[in-house]
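Undergrad: Sequence lines, in order, name chains A and B. So in my numbering, spot 33 of the first sequence is number 42, and the numbers just go up one at a time. So in my numbering, spot 52 of the second sequence is number 1315, and the numbers just go up one at a time.
Treat the hints as calculated values from the structure; they're not laboratory data. Please read all numbers here as calculations on a predicted model, not as lab measurements. Treat the hints with care, as some may be off.
[Said to hold, decoys possible] Here are some, though not all, of the chain B residues that point toward chain A, as calculated from beta-carbon distances under 8 Å:
#	residue
1	Glu-1420
2	Arg-1423
3	Arg-1489
4	Gly-1508
5	Ala-1511
Each residue gets a CB set at the ideal place from its N, CA and C atoms; glycine is no exception.
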Amino acid sequence: MSTSIAPVESRAAVRPPAVQAVGLAKWFDGAEGTVAAIENLTFTVHPGEFLCLVGPSGCGKSTLLNIIAGLLPASGGQLQIYGESGGRVRPDCIGYVFQRDALLPWKTALQNVMLPLLLRGVPMAQSRAEALNWVQKVGLAGFEHHYPSQLSGGMRKRISLAMTMVYRPSIILMDEPFAALDVQTRHLMENELLALWAEAGSTILFVTHDLEEAVALADRIIVLTAAPARIRADYQVPLDRPRDVAEIRTSGAFVDIYRRIWRDLREEVAASRGRR
Amino acid sequence: MAGGSYPVAASRYRPAAKVLVLPVLLGAWEGAVRVGVLDPFYTSSPVPILATIVRWIATGYVLEHVLATLAVTLAGLAGGVVIGAVAGFALGFLRWLERVALPFLTAANAMPRIILYPLMVLWLGFGPLSRIVLVASLVVFPALLTTHSAIRQVDVEIVRNARVLGARRLGLIRHVYLPAVALWLFSTIRVTIGFALAGAIVGEYVGAVRGMGMVIAFAQSMFRAREVLAGTAVLLAVIWLIDLGLRAAEHAAARWRLSEVM
């Protein structure tokens, strides 16, 4: 997003972390008193990194993304996005793909993808051209004028992805985006996501409870504890890129790292079950 | 898209029955009068009624009155829908206003507003304005309550997504709330247009110099059942035409829902 022209290396050196959380906390006031969703969370996400957050379901992963997106205020601690704090939505640098696609049902696929550009004041013709380009890029050429109700789940997910990528956010939050898809579609989408990410160079924070998916996609995996979410472990994923998410699952290195992380995750899943 | 077989199969049987209903009823009516079962002084019969309508159209008499009634109906309808929608938006966005005003509005909606017409005449006179206000008062509460509940029912996830994509209040209204409300408003208009027309006509029964209500009330005072029924038939045709137009407009505006409906 920076407009200054600087050599790549020096800019990378000066650039602050994409996301930095220090002692982040979130609690909700409910009928049965205060419930902590997130507790003393400290982590750093580097620019360009593909970070997966895994943890038992209901551990507060989505809450964390909502705080980073500015949809929820934090209850305590500090959060900086590119070195800037403040709890407001930063629409230009943050994209968010939800688990359930939230396309506008009264707009066509193309109109949906155009929306973020129009909201930013990009002229109609230019918005249209860029949106068309992205609809094609996610493989939906010919479906521009279909309404969401006329598209399959996988197609709608592609449109949500295009809708987010079209305004080139430098940080993309993804909350179990592929959870509702069948396995083949899912692998296809994961591979396409990796290709788009490699091309765009954005930072991705990807929440999932599926460890296989996390290992296949990520540079780095943070394991969160059962609620309230704290950091249980932080792993680098030493697998080469480019990857094919379907094939990489059978490689020795994959199985190795998967086992190590699973040992941590298993205990948290058991803890979250025991609590219910 | 695939589930289209049922409606198609059903529609194959409908037209025959639909086309027969009206001629059979009208034929029975005409026959009963000719045979002497019904007294034409009270019931008239289809052929002279049709002749009256044709004569009215030929002389241009009916057009003037239909237009007068339509003008009052549409002005009141438009005013009521616009005021209702704006108030409904305010109520949908302002929680405190909702808490204060909603119980009163719901009560007002349950009240038959037509009983307020004498008061409106007292304030605004016998001209079209009192009737326009009457029609608007019939339409405004359904429009308001529909808009309010449509805003409440907008998917939170869609709102969150639009906000993340960069929509602020105006963007949300334009791209999310207005389209979500529009469809509901269309059906409200279709439901309330009957009330609106009834309000305009009842208003015209008393003291109007133009309008189909006046035509019918005058014929009634002269004991002309034929003209009362001819006026009623004209109004039925007008309502039917308006509904046809509204349905086409609704259909065009709701193209995005087509495959769900099917």
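Undergrad: Determine for every hint whether it applies to the structure shown.
TA: Going through the hints against the structure:
no.: 1; hint: Glu-1420; in the structure: holds (4 Å)
no.: 2; hint: Arg-1423; in the structure: holds (6 Å)
no.: 3; hint: Arg-1489; in the structure: violated (49 Å)
no.: 4; hint: Gly-1508; in the structure: violated (21 Å)
no.: 5; hint: Ala-1511; in the structure: violated (18 Å)
Comparing the model with each earlier hint shows violations of hints 3, 4, 5; every other hint is respected.
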